[in-house]
Structures are given as C-alpha cells and as structure tokens.
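Position chain B relative to chain A; hints supplied.
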Amino acid sequence: MKRFFDEELETFRSHLILMGETAVRQVQDAVKALVTGDIALADRVIAADDELDNFELQIDDEAIRYMNLRAPVATELRLVIVGMKASHDLERVGDEASNIAKRAVKLAALPPLKPYVDLPRMAAIAVEMLRAALDCLLHLEPDRAIAIVKRDSEVDQLNRQLYRELTSFMIENPATVSRALELMFISKSLERIADHASNIAEEMVFLAQARDIRHSEELKKTAVE
Amino acid sequence: MEPPRPAVPPVPLPARPVVAVGPPAAVAPPPVKLRVRSVNFFYGAKQALHSVSLDIPEKRVTAFIGPSGCGKSTLLRCFNRMNDLVDGARLEGTILLGGQDIHAPNLDVIELRKRVGMVFQKSNPFPKSIYENVAYGLRIAGVRQKSTLDTVVEKSLRGAALWDEAKDRLHESALGLSGGQQQRLCIARAIAVEPDVILMDEPCSALDPIATAKVEDLIHELKREFTIVIVTHNMQQAARCSDRTAFFYLGQLVEYSDTGTIFMNPANPQTEAYVSGRFG
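So the protein lines, in turn, are chains A and B.
Quick note on numbering: the first sequence equals residues 1 to 225 in the numbering used here.
Quick note on numbering: the second sequence equals residues 1001 to 1280 in the numbering used here.
What the hints contain is simulated information worked out from the structure, not anything from laboratory work.
Please note that the accuracy of each hint is not assured.
[Claimed, not checked] List of simulated lysine-lysine pairs, BS3-like, C-alpha gap at most 27 Å: (1) B:K1122 <-> A:K2; (2) A:K2 <-> B:K1155; (3) A:K2 <-> B:K1223; (4) A:K2 <-> B:K1167; (5) A:K2 <-> B:K1128; (6) B:K1128 <-> B:K1114; (7) B:K1167 <-> B:K1146; (8) B:K1223 <-> B:K1114; (9) B:K1059 <-> B:K1146.
None of these values were measured; they are calculated from a predicted model.
Chain A on its own, in the form it takes in the complex (with noise of 0.2 Å):
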C-alpha cells in the first residue's frame, strides 16, 4: 500500500545516487586533469566539491526529518540509516578528488615523472567499485556487494607496489622527491576512495539483509589473499 509520504524516501533514494553520480565525475575529472595537466579542469573539481557537501548536507537533512516524523521500520529505516552513512563516505570521497586535483594542478608545472599508467588504472577500479556500490541502492544485491569490498584488495595492492616504484626513485635520485610524494599521496587518496566504496558497499549488505559485514573474518581472509 502506497502511502503519502513514501515519495520522501524516494527522493531521499534519488538525492544519494546523485551525489554518487557527482562523486564519481569528480573521481574521474580529478585524474584526468592530472594525466593530460589540464589545470582548468583540476579548478572545476576543487570548486564543485561544495556541491557534494550539500548534498550531504541535504540527505543528513532529509534522513533525520524521515526518521523524526515517519518512524521507518525495517527495510525503510535500514535505507535510511546506511543513507547517511552513504553520503559521508561519498563527501569524503569529494574530498579525495579535490586533493588529486590539488596536487594535479602542482604536478602540471612539473616535468612528468613517469608515464601515468597505475595511478588511472587504481581510478578505474575505484570508480567502478563505487558505481557497482552505488547500483545496489536500486537493485539489492548483497553477493554483487560482498564481491565490491574484495575488489579493495586489488587497489591495495597497486598502491603498495606504486608506493614502492616512487620510493626507489627517490632513492635512486633525489631531484624526484617532490614529485613522488605528490603521486604517493595521490595514490594513497585512489586508495581511499576504494576505502570508501568498499564501505558503501558492505553498508548495502546491511540494507539488503539487515546483516553487518564489517571486520568479519570472511573479509579479512580474503584481504589477506
């Protein structure tokens, strides 16, 4: 039975896949601009991070007054409360776009230190995780998201063997420090975007089946792998 308030929740639904939607763009604008040294572009990414704030502004908004006024049980208070997990997970993953973009705008002035090559390849998987993360708020699909977080693995591990490509290049010439540390760090911040969507994923489990997936052994074996 449809009731009044029920398109509430929707647009609640359709707020958080929009700020996905923006989440992602930002992801990939963000390395864009660092691979062609497209500095334009890197301003338009550190400007719009405001965007995603308000919208994670708005949907703390709206989950709070649904919980407050429609008193959600189940699957409706379940959606609720991984919403406003959801979207602090992608406001800092706003966060993490503008600081590549940062640095990618201090990178353009710099002669290039090697081809970009695992740097798109950690944004691809990030941006794929978080897009496949994000399509189980429409289609709930816990096993699709389980596969998600063991997809963190695979970035884990660029950045560790990215993490220790720069550090020999550094050793071997000093003059490449700077520039290092900028990829090390851009690196670490792809890292954390995987992070992120792994976490909107396993939150998508606690929607589908009201059952928490985080730090359990399952996982954690299979980071190991």
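Positioned in the frame of chain A, the structure of chain B alone reads:
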C-alpha cells in the same frame, strides 16, 4: 544465466540535482483560521483548561496531543460549541473563527456547526443508506434537487477515498460497511456540507493499521481544502499527519510548534518526556 533481480522499483531521477544551498526561502505563514485567546473552561467547579491561547493555521493539520484528561478534547469541542450540550460547562475567553467570535450572541450555532464539522472516535453512521448518510446535511439544509445531491454525494465520497468501494452499493445500509469504511463515510458526511474546519477526535483509535493508514492519507489530502484539527493519542500519527502540534498537560498548553520541532527538539522537558513515551 543472470539470476533474477529482486523487485525494487527504479528511482526516477530528476533532470538535475535539486540541492538547496543554504536555508530554504522564507514562506509566508498561512492565515489564521481559529484564534484562541485566554480560554478557561470549567465543568462545574472543575477547571479543565487554563488560559489557553493559540492560533490554528488555515488549510493545515494541527494535532493536539497529551495524556488523558489534559484538556485536548475539551478544547476541540469548544471549536464548534459541542460543550454547550454539557450541563454546568462554562467558557471564559474568546475563540475567533475567521475573525468572528463563535460565542457572539447573534451567532447561529447550527451555522457554526456547518462550518466546523466533526468526526468522532467511534464511527457513527446513521442507520440509513450510504447515500443518505452523505446527503443528510444537504437535505436538512433544504437541498432537494436529485442531481445536486448526486453530485455532492459522489464528490464527498471521492474526497473521503470511499467512492470506489461504495459506488456500487450506495443505497445499501451504511452499517454494512467495515469500521474503517464507516469512519471514512463519516468524513464524507462531514465534508459534504463544505465546512471550513474539520475536527477529528481520535478518528483512528478504533481502526486497524491499514484502515488507520487510509484515514491518515486522507487527512493529508483533505488539508488542501480544509483546516483540520486532530486529537490523537498516537504520537506517530501526530508526527506523520500534522504540520503543527500542541502538547497539553493538566489543562495547560505546554508547547505549540511545528510538528518537526515538537518531535525533534521540543523546548519544554515535559514535551520531550511525553513524546519519548516516558509519561502519560
């Protein structure tokens, strides 16, 4: 083969983000429909309301909440002078309906009750057909033309979300309807005479959850045309249905504010204790 996806309806996305930046634009408050000033009410020697003042906005739902005996129903019944029928009842102060004093000596109480309809806790259809229940108010007002009555009966039953269930049995006894349907019939009867205000005294307390949900949704629809004042013991209902909420305790108006404020950040600790279910 891909496994079937659970049936979650896709969410239609708006064309662009509709994120409001900063506080929402100020909206002019609706006009006041009922203005209550310094109302004291007595049942004989016992004082039931102590200097109550509040404004009921037009075309909004205002909920009165509070524990039993707090005076919320007494105040509701003051609005169409139902308390005149109680021996020893006495009111001090003023109540204005659209600026007109409802206790003015020249005021016709029958006219007042046409303008201020009422729906009670227990549905009370007349032992007549569904059609005659809805047409009753118009008939006693002298309307005889069948086409007019037919139009009003249909409009009112549609307005009360009962038309689809009742259209094929309009001339059957109203007492054959379910409890929830009977309550919606009483709402149809109330709106048939096109009142300004509809008073509802715990309209869902005798209904099951589905019938309650239907009446709540109906209240949400009715506020487009009518000013609604509802007394309820169900705090979730007050939170879901109303725009403004007044909390009464021991005959005093403790707090009156936007419903969101009453349930999120009430100013008075007694209100907080009541809406948290800690007393009452």
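key: Given pair status - B:K1128, A:K2, alpha carbons within 27 Å   = Violated. A:K2 to B:K1128 sits at ~32 Å, over the 27 Å cutoff.
inquiry  = For a C-alpha distance cap of 27 Å, please report whether B:K1122 and A:K2 respect it.
reply    = Distance ~25 Å between B:K1122 and A:K2 Cα, so the pair holds.
ask   = Is A:K2 within 27 Å of B:K1223, Cα to Cα?
value = Holds, at roughly 19 Å.
inquiry  = Run the distance test for B:K1128 versus B:K1114: straight-line Cα separation, threshold 27 Å.
reply    = holds, 20 Å
key: Pair hint B:K1059 and B:K1146, alpha-carbon separation not exceeding 27 Å   = violated, 30 Å
ask   = A:K2 and B:K1155: Cα distance at most 27 Å?
value = Holds - the C-alpha atoms of B:K1155 and A:K2 are around 22 Å apart, at most 27 Å.
message = Does B:K1167 sit within 27 Å of A:K2, going by the straight-line distance between their CA atoms?
response = Since the Cα atoms of A:K2 and B:K1167 sit roughly 22 Å apart, the hinted pair holds (cutoff 27 Å).
key: 27 Å Cα cutoff - pair B:K1223, B:K1114   = Holds, because 17 Å separates the two Cα atoms, which is no more than 27 Å.
key: 27 Å Cα cutoff - pair B:K1167, B:K1146   = Distance of about 16 Å is within 27 Å: holds.
Hint violations for this structure: numbers 5 and 9, all remaining hints satisfied.
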